[in-house]
Amino acid sequence: MSAPAHHETRGTREKSRHPLAAWRRHHRQCLRGALARLIRRPVGAWATILVLGVVLSLPALVMTLGHQVERLGAIWMSDAARMDLYLAPGTDEAERQSLRDWLDRQATVAEQRVIPPEEGLETLTERLHMDGLEGLDSNPLPWVIELTLSDARPDTRLALAEGLREQSAVAEFSSGGEWIERLEQIRAFFDELGWWLLILLGLTVVFVVGNTLRLELHERRREIALIALIGGTERYMLRPLLYDGTLTGLLGGLVASGLVALAVSVTAGPIERFAASYGAAISPQIDPTLVLLLMTAGALLGWLSAQVIGRFYIGRLSTP
Amino acid sequence: MIEFANVSRRYANGQFGLQDISFRLPAGRMAFLTGHSGAGKSTLLRLIPALDRPTSGKVLIGGYDLNRMGRHQYPKLRRQIGVVFQDHHLLADRLVFDNVALPLQVSGYLPGDIRRRVDAALDKVGLLGRQRARIEELSGGEQQRVNIARALVNRPRILLADEPTGNLDPDLSRDIFDRFFEFHAVGVTVLIASHDVELLKQYPVPRIALNQGRISAFEEAES
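Order-wise, the sequence lines are chains A and B.
Numbering-wise, our numbering puts 181 at position 181 of the first sequence, and it's gapless, one number per residue.
So the mapping is simple: our numbering equals the position in the second sequence, first residue as 1, plus 1000.
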């Protein structure tokens, strides 16, 4: 509004038009308008935003749950960086040595300890408080090699397991990592469920925002018909609506983030206690990526909604 | 230039709004569209800025066949046409300035230009100094003049008016018609629908008389 008014002397129709500057100006106006409408109609607008927040928080909560499962899994994994190999009956010293050499060469193996059958039997006797096992004719226990793995990731364990299957001296190995794999699968499931929910509920968001925008359009239908009559393009008429939709979606995403943060802080106590019982310390918090995801998803869905509803209604209002 | 060639407009209920209308209004000329209410005057005017489509026949504006025009071309067409229509009122919650500035904003003018042109348009209709007034504060005649200022601010080539003096008293009506006549004098093509026979008689302008959707008479200007 600060352009000099009186010393402009440009004459012709075309020269005095500045499409780009006017376009930028209109964008600014639309943003201001969208903010003003938000303040002017707090109840209606915020009701929509709240509904969006609740709807968007659902997939986010599921994803957060998956995230927590993963973290709890990590605690279990500290216990899981171990593996026991049970050797085939009748392996001789040379075979055992060649297996140990092979294990030495594996980057995934940090340490190995050989437990002869005698030691195993002793431990067993002790643990079971049973006497008389010494009296057995032969020791039924196999040779055992106790491994400490380089790390507790399921991938590490899987890679090692593959190699172990090739080793004829190894009859069996403990697969304590199954739990971890399952946890990993559960986390993946939650993640996938979260994404599906986001897509499904995203549709809901499009309809919820769309309905609010439809009311807005209905209220402004005379103005839109007028703008169409005086030569406003569809983009021009659509623009304020796109700002309304995007802003509503963005704030919906923010509310959803708030709700998830609230849920996380409520469940923080139990999770911390659980972690503590495993000697670990975790303090659950909302993932910043999730906040970004929610706000982006909200804004995109709001924008999409405005596009769909806006083009439909404006097309009807501006063309015969 | 406005040209209608065998134009009919039939409604969904089977009734004809317009039937076999043909006429030509060369660029820079002025004409009145007369007839009782319901004769098809508004229906005819609405076809010109492509607010409606003919069921059959051709409407040509400046040589362009509206039937062949895509909807993305409508804005360009409509920016060349100023309209004073009954059903396109002013935005009552805005200032006079905002209402008149609207066509310029839509066409991409900058604030300085807009101010200058709005002032000029309001000056032409005798409302200079009322820029900051709210539409609700204006009388019926003043509102109609704001309407005319809005139709002219974009310097259109064609001006259409549908019963522009609807509820106004005779003096005011004359005043408004005088202004239309002035615009015609500077080269704007003007087409005005009115049933105010007494008023129309005072202007040497050809008349297209409509009756039940047909042209019943084409009277050349008397004078």
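Hints are computed from structural coordinates only; laboratory data are not their basis.
Glycine included, C-beta positions come from ideal geometry on N, C-alpha and C.
Among the clues, some could well be false.
Beta-carbon label-pair distances, calculated as ranges [as the list claims (entries may be wrong)]: (1) LYS1076/B / PHE189/A: 47 to 57 Å; (2) ARG1024/B / PRO42/A: 48 to 58 Å; (3) LEU193/A / ARG1010/B: 53 to 63 Å; (4) SER1022/B / THR204/A: 53 to 63 Å; (5) ARG32/A / VAL1186/B: 32 to 42 Å; (6) SER1056/B / PHE312/A: 41 to 51 Å; (7) LEU50/A / ASP1123/B: 47 to 57 Å; (8) THR204/A / VAL1186/B: 54 to 64 Å; (9) THR204/A / GLY1028/B: 53 to 63 Å; (10) TRP23/A / ARG1024/B: 30 to 40 Å; (11) SER1056/B / LEU20/A: 41 to 51 Å.
Against the structure, the hints come out as follows:
no. : hint                             : verdict
1   : LYS1076/B / PHE189/A: 47 to 57 Å : holds, 55 Å
2   : ARG1024/B / PRO42/A: 48 to 58 Å  : holds, 56 Å
3   : LEU193/A / ARG1010/B: 53 to 63 Å : holds, 56 Å
4   : SER1022/B / THR204/A: 53 to 63 Å : holds, 54 Å
5   : ARG32/A / VAL1186/B: 32 to 42 Å  : holds, 38 Å
6   : SER1056/B / PHE312/A: 41 to 51 Å : violated, 28 Å
7   : LEU50/A / ASP1123/B: 47 to 57 Å  : holds, 51 Å
8   : THR204/A / VAL1186/B: 54 to 64 Å : holds, 57 Å
9   : THR204/A / GLY1028/B: 53 to 63 Å : holds, 57 Å
10  : TRP23/A / ARG1024/B: 30 to 40 Å  : holds, 38 Å
11  : SER1056/B / LEU20/A: 41 to 51 Å  : holds, 42 Å
Checked against the numbered hints listed earlier, the structure breaks hint 6 alone; every other hint is satisfied.
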